[in-house]
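Relying on the hints, combine the two individually framed chains into one complex.
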Amino acid sequence: AQKITQTQPGMFVQEKEAVTLDCTYDTSDPSYGLFWYKQPSSGEMIFLIYQGSYDQQNATEGRYSLNFQKARKSANLVISASQLGDSAMYFCAMRGIGSEKLVFGKGTKLTVNP
Amino acid sequence: NAGVMQNPRHLVRRRGQEARLRCSPMKGHSHVYWYRQLPEEGLKFMVYLQKENIIDESGMPKERFSAEFPKEGPSILRIQQVVRGDSAAYFCASSVPWSGNSYNEQFFGPGTRLTVL
Numbered sequence: 017a018q019k020i021t022q023t024q025p026g027m028f029v030q031e032k033e034a035v036t037l038d039c040t041y042d043t044s045d046p047s048y049g050l051f052w053y054k055q056p057s058s059g060e061m062i063f064l065i066y067q068g069s070y071d072q073q074n075a076t077e078g079r080y081s082l083n084f085q086k087a088r089k090s091a092n093l094v095i096s097a098s099q100l101g102d103s104a105m106y107f108c109a110m111r112g113i114g115s116e117k118l119v120f121g122k123g124t125k126l127t128v129n130p
Numbered sequence: 016n017a018g019v020m021q022n023p024r025h026l027v028r029r030r031g032q033e034a035r036l037r038c039s040p041m042k043g044h045s046h047v048y049w050y051r052q053l054p055e056e057g058l059k060f061m062v063y064l065q066k067e068n069i070i071d072e073s074g075m076p077k078e079r080f081s082a083e084f085p086k087e088g089p090s091i092l093r094i095q096q097v098v099r100g101d102s103a104a105y106f107c108a109s110s111v112p113w114s115g116n117s118y119n120e121q122f123f124g125p126g127t128r129l130t131v132l
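Quick mapping for you: the protein sequence lines, in order, are chains A and B. So for the first sequence, this note's numbering puts the first residue at 17; every next one is plus one. So for the second sequence, this note's numbering puts the first residue at 16; every next one is plus one.
Hints listed in this document are in silico derivations from the structure and should not be mistaken for laboratory results. All C-beta atoms, glycine included, are put in the ideal place defined by N, C-alpha and C. The reader is advised that the hints may include incorrect statements.
Stated by the list, open to error - The calculated lysine-lysine pairs, modelled on DSBU-like cross-linking and capped at a C-alpha distance of 35 Å, are:
no., chain 1, residue 1, chain 2, residue 2
1, A, K86, B, K86
2, B, K59, A, K19
3, B, K59, A, K122
4, A, K125, B, K77
5, B, K77, A, K122
6, A, K19, B, K42
As the list claims (entries may be wrong) - Rough simulated footprint, nothing fancy, chain B against chain A, three-plus residues with beta-carbon under 8 Å:
no., segment
7, 26-37
8, 121-130
Pulled out of the complex, with its shape left as it was, chain B reads as follows (with noise of 0.2 Å):
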């Protein structure tokens, strides 16, 4: 049984060239979560999307970055015109959906170390 899969696990940007960030969560899991660490820092909540919606995205910057999650296919996390300061880990996690029990295990990808040069 695969765990979460990130693709690709490090990429390489110009400034203002685009990202592209994959996610295939965990075989029977409908939840995606993407979280940001900036160097030397915890991971910070960016979205979280069930096929086809996007929850919550009070953690997403207001410009330039956008999810989804299709009926078919991983999830993506799109970040245009890139920036410096969007050097960073990206990782996804999946989950089951949430039963009412605080303890709803967010299995996490191995990430996706991104640099803009």
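In isolation and in its complexed conformation, chain A is listed as follows (with noise of 0.2 Å):
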């Protein structure tokens, strides 16, 4: 079975500044992929980032990146310059290799503050 841990109900940040939200995830399988998603206000889910388990470098997506520590077994999402519509839910995800569905977190509040 597979469990994805968030911490934090809710983060606050400066507008400009760097953020990071904390992810640690529980499997058994040798392979797997990780996601983050953001879910603003209006509800629609937005696929951010994705980091394989074999990947050999975290991955990147402009403002967005990945904290990715296999042993520790965590998946942080790092936002850089946040800006104001940064201010929303943010889940992490997991699956494994030959399974369809994604397993989620319970989701991290972030405020950006002006």
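Take a look at the structure:
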């Protein structure tokens, strides 16, 4: 079974600063993928970034980067130069090889202050 | 290229009524997934379907819930005799057939917010 833990129910950051959202996971699969999604107040799920368990480098997508520490089973999302529009819920998710279903954490609510 | 479409966006039902949620996958996608998001929670997997086949329904409640993805038309998530606890956001996602890579992006629809009075 797979499990995602997001221990920060809420986070606050000043505009233009960087913020790290924590995600730890548990799985017995030898190969898996980790995903981050953003859910603004409008409700849709927006894919942000993906990290494969065998990827040699940490994933980056624009202002988003993933701090992947396999031995610690953590996949933290780093948002650089925060913007007001980054205020939203952020969900970490994973999927094992051979499984089509995504397993989500409970999310972190990020608030960016001006 | 339209994304995943869900309708209705909002649905209000009284206890005991039936709720039908529809999902049209992205063009070229043959795999559909349904997830449920209870208030203040993350999304939880319900069911995975391909055309005319249910592949994995391990997350579906045993009673009152059913899903289908017919050869023609949208995927339907059906909830019979709704109860207050069914109030949630129901998301549909679609993807192309899995090629063996853990990265097989699921594209999400906007969700249907079900409220049971």
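*Any hints this thing doesn't respect? Which numbers, in order?*
Of the numbered hints given earlier, those the structure breaks are 1 and 7, listed in rising order.
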